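Protein chains in written order, with my numbering: chain A, 1 to 626; chain B, 627 to 726.
For the record, the hints were derived by calculation from the structure and aren't laboratory data. Take these hints with a grain of salt, some might be off.
Claimed, not checked - The list that follows gives simulated cross-link-like pairs (lysine to any residue, SDA-like), each with its CA atoms no further than 20 Å apart:
(1) Lys159/A to Leu89/A
(2) Lys360/A to Tyr523/A
(3) Lys713/B to Gly596/A
(4) Lys713/B to Val701/B
(5) Lys360/A to Trp440/A
(6) Lys713/B to Lys164/A
(7) Lys619/A to Phe609/A
(8) Lys360/A to His520/A
(9) Lys713/B to Thr599/A
(10) Lys360/A to Ser535/A
(11) Lys164/A to Glu143/A
(12) Lys713/B to Thr595/A
As the list claims (entries may be wrong) - Partner residues are not named here, just some residues of chain A that face chain B (Cβ under 10 Å, in silico):
(13) Phe179
(14) Pro208
(15) Ala580
(16) Thr595
(17) Gly596
(18) Arg597
(19) Thr599
(20) Thr600
(21) Leu602
(22) Ser603
(23) Gly608
(24) Phe609
Keep in mind that this is a model prediction, so the values were computed, not measured. Don't be surprised by glycine CBs; every beta carbon is placed ideally from N, CA and C.
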Amino acid sequence: MSETLLFLIPLLPLCCAVINMLFGMRLPRLFAEIMAVTGVAGAFLLTLLFWGYAEGEGTRAILFTWLNSGTVDVSFALNFDRLAAPMTLMVTGVASLIHLYAVGYMHEEDDYARFFGLLNLFVFAMLAIILADNLLVLFLGWEGVGLCSYGLIGFWYRKLENAKAGTKAFLVTRVGDVFLGIALLWLFAVTGTLSISEINAQATSISPGVVIALSLLLLLGACGKSAQLPLMTWLADAMAGPTPVSALIHAATMVTAGVYLLCRFFPLVSLSAVGMTAITAIGALTALYAATCAMAQREIKRVLAYSTMSQVGYMFMAVGAGTVTGAMFHLLTHAFFKAVLFMAAGCVIHLAGNENDIYKMGGMARRGPVELFWVFLAGAVCLAGLPLTGGFFSKDGILLALFTHPDPAYRVFWLIGVLTALLTAFYTFRLVYLVFAGEWRGTGHPHAIPLQMRWPLWPLALLGLVGGMLNLPAFVGGDEMLHHWYGDLAGRTVTASHSVEWLLIGLAVAIAALGWFAAHWRYRNYRPAVENRVSLFLLNGWQADALVDRLFVRPFTAMARFCSSGCDRSLFDGTIEGLAKMASRYSAMLVQLATGRATTYLSAFAWGFLVLLGWFLLKLVNGGGH
Amino acid sequence: MIPLGHALSFAAALFVLGLTCVLLRRQVIMILIGVEIMLNAAALVFVAASAYWQQVDGQVFVILLMAITAAEVAVALAMVVYLWRRKRSLVADEFNGMSG
């Protein structure tokens with residue numbers, strides 16, 4: 001078996017995407033759906049099959065030379081190593097289940113070929129990011145993910161706000177992409193190669209100042225895709241897309257691409273203390289910001305969107321604290337429980353008759369199939385970090401890494417992390433109580449939930465609950481499997497005395513319990529929402545959109561207006577049109593001379609003759625006869 | 627023998643009269659008559675000069691001029707007929723089709 005066969009992993013979804021896009025509407029619907037699912041599921045099976053290639057130093061495979069010009073030699077290369085393999089497995093696995101769910105969710109949609117084509121293309125682009133050994137291949141995937149998210153968020157483009165949400169996601173992530181593009185070009189200029197593994201090998205020879213700049217640029221690029229401050233405004237609006245898209249974007253792909261990018265370049269990024277602190281600070285601020293926003297949201301999917309932002313903030317903190325294991329661990333568990341939360345939310349919205357507002361739900365536990373409540377609860381306890389769930393262990397690992405970081409400044413970030421954990425537990429159970437407890441407050445009629453929407457929830461819920469087994473800490477009897485798997489890629493090994501570890505665990509349990517009790521006390525029995533200035537401020541995401549509008553959009557509009565009406569229309573058009581008007585006015589005066597009457601011309605002729613005659617006479621007089 | 631100066635003065639007066647007629651008259655026919663007078667003034671100068679220098683060239687030229695004038699009058703009168711047909715008027719100012 002040749003290592004070139006590794007290319008089958010991304011190519012399979014790509015082929016299915018192309019076939020679906022070109023011929024999907026002419027194929028039987030069932031065939032298109034089966035092809036979309038098997039494309040991704042096949043990639044999942046292939047990843048399992050090729051797992052052995054990832055061990056040790058991993059396997060690099062070159063399919064062909066993409067560009068070759070002078071010193072630039074870009075080959076279409078994949079790097080299937082210990083970092084990429086678990087991520088590939090997670091993305092293809094979760095995406096397969098989401099595809100299955102999507103078959104049920106979209107069964108009334110007429111435009112299924114476009115949907116499944118884009119969905120498969122999205123998976124291909126994500127796999128290109130994960131497996132790329134070449135900056136250009138990575139960038140191809142990076143842009144591909146942005147393009148597909150634009151197409152999928154604005155999938156129901158006939159409603160203007162959906163189309164606008166897609167455009168917003170596209171534009172805001174593009175801001176980050178610009179920085180990433182600069183970073184990639186700079187890396188090429190410094191190292192003379194586009195291969196990621198070679199760049200990482202040369203990282204220590206780059207001068208420290210350049211490393212700082214590069215890590216900050218990479219961070220900004222990651223912020224765009226991962227919806228971190230200050231490029232986070234697109235994520236909440238991205239909920240305009242169909243629910244499977246939300247699950248795919250927020251669980252398995254896209255938002256985790258930024259975290260993965262930082263982990264990929266960890267050997268480079270970790271060289272700069274400034275960069276690492278910046279990453280942690282961005283992560284901490286975003287985690288806190290998004291958690292506060294999530295507390296006041298009214299739409300079920302927006303709560304989950306903000307919670308994603310917040311959890312990705314934790315992953316950034318983990319990278320900043322130097323533990324790649326912690327970031328990837330949380331990334332994996334988060335992918336499981338967030339996917340299940342989104343898909344269950346889709347079921348809930350179906351049951352509520354397309355009602356999004358959690359204040360108009362309630363009583364869902366009795367209204368729908370009973371297992372829906374249990375899988376949602378499984379996802380929720382993972383998100384809230386209740387003990388022994390996957391989310392509990394991964395979050396605790398990050399907090400431990402922050403707490404034990406040698407730099408005392410990280411204690412502040414740790415404190416923010418703990419506070420965020422409290423808020424997370426609170427808003428998660430607020431969501432659970434408002435949706436599932438009490439009496440039905442809505443008016444909509446429930447839609448039936450097809451079978452394909454129900455059973456993909458189970459494996460994900462289970463994985464979320466037992467996800468802690470991936471990297472169970474040693475002091476509770478675990479073997480830290482993930483950490484050993486990553487080996488020298490894992491970053492800093494977090495060491496702490498057992499008492500500190502138990503103390504932190506106890507604190508985490510207490511905090512999760514506190515959040516739960518607070519939510520229980522406030523939301524167990526439904527009381528209408530209180531609208532005050534604070535809740536409105538949080539509901540609108542700290543007025544971030546208004547701020548962006550005031551800082552960028554309006555000055556830009558004003559500048560455009562100045563250029564259009566100030567410069568172009570008045571200055572340039574004015575000058576040219578003024579000249580034209582002047583010429584036409586004077587020509588009108590000249591036109592009056594041309595009366596068209598022969599007599600006028602004759603007299604002009606006579607006068608001209610006279611002048612000539614006079615002139616010759618003058619010459620005669622002056623010249624003295626010569 | 628009439629002195630050259632007298633002949634030239636008379637020719638000049640005749641020319642100015644013809645020019646005045648061309649410039650001041652509005653009827654096409656009167657303008658044409660003015661042109662004829664100016665042409666005859668020029669012919670007179672030729673004849674006077676021919677007599678003064680005792681050379682026959684000037685008189686030959688006058689014969690040529692008469693022939694040309696006859697042709698010119700034929701064409702011009704044909705045009706006058708056409709103009710009359712178009713507007714039933716021979717006032718020169720009414721034919722302003724070339725105005726800008």
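To see whether the hints hold, each was checked on the structure:
With a C-alpha separation of about 36 Å, the suggested pairing of Lys159/A with Leu89/A is violated against the 20 Å cut-off. Distance restraint check for Lys360/A and Tyr523/A: the Cα-Cα separation of roughly 14 Å lies within the 20 Å cut-off, and the hinted pair is therefore satisfied. Our distance criterion of 20 Å between C-alpha atoms is met by Lys713/B and Gly596/A, whose separation comes to about 16 Å. A C-alpha spacing of about 19 Å is found between Lys713/B and Val701/B, which places the hinted pair at or below 20 Å, so the restraint holds.
For the given pair, Lys360/A sits about 8 Å from Trp440/A by alpha-carbon distance, which is consistent with the 20 Å threshold. Between the alpha carbons of Lys713/B and Lys164/A the distance comes to roughly 71 Å, so the proposed pair goes past 20 Å and is violated. Straight-line distance between C-alpha atoms of Lys619/A and Phe609/A comes to about 15 Å, which keeps the hinted pair within the 20 Å bound. Distance hint between Lys360/A and His520/A is fulfilled; the C-alpha atoms sit about 18 Å from each other, no more than 20 Å.
Taken as a hint, the Lys713/B and Thr599/A pair is honoured in the structure, with Cα atoms around 17 Å apart against an allowance of 20 Å. With a C-alpha separation of about 18 Å, the suggested pair Lys360/A and Ser535/A falls inside the 20 Å cut-off, and the hint holds. Between Lys164/A and Glu143/A the alpha-carbon distance is near 19 Å, which keeps this suggested pair within the 20 Å criterion. With a CA separation close to 18 Å, the supplied pair Lys713/B and Thr595/A stays within the 20 Å bound.
Proximity of Phe179/A to chain B is violated relative to the hint, the smallest CB-CB distance being about 64 Å (cut-off 10 Å). Given hint, Pro208/A at the interface with chain B, is violated; its Cβ is 79 Å from that chain's nearest Cβ, farther than 10 Å. Interface hint status for Ala580/A: violated, as the beta-carbon distance to the closest one in chain B is roughly 18 Å, over 10 Å. Satisfaction of the interface hint for Thr595/A is found here, the shortest Cβ-Cβ separation to chain B being roughly 5 Å, below the 10 Å cut-off.
The restraint placing Gly596/A at the interface with chain B holds, with a minimum CB-CB distance near 3 Å, inside the 10 Å limit. A hinted interface residue such as Arg597/A counts as satisfied when its beta carbon comes closer than 10 Å to some beta carbon of chain B; here the least separation is about 5 Å, so the hint holds. About 5 Å separates the beta-carbon of Thr599/A from the nearest beta-carbon of chain B, less than 10 Å, and the hint is met. Among the interface hints, the one on Thr600/A holds; its C-beta lies about 8 Å from the nearest C-beta in chain B, closer than the 10 Å criterion.
Taking 10 Å as the C-beta contact cut-off toward chain B, the hint placing Leu602/A at the interface holds, the least distance being around 6 Å. This hint holds: Ser603/A has a C-beta 5 Å from the nearest C-beta of chain B, less than the 10 Å allowed. The restraint placing Gly608/A at the interface with chain B is violated, with a minimum CB-CB distance near 13 Å, outside the 10 Å limit. For Phe609/A, the suggested interface contact is upheld, since its CB lies about 9 Å from the closest CB of chain B, less than 10 Å.
Figure legend: structure checked against the earlier numbered hints; hints not met, in rising order: 1, 6, 13, 14, 15, 23.
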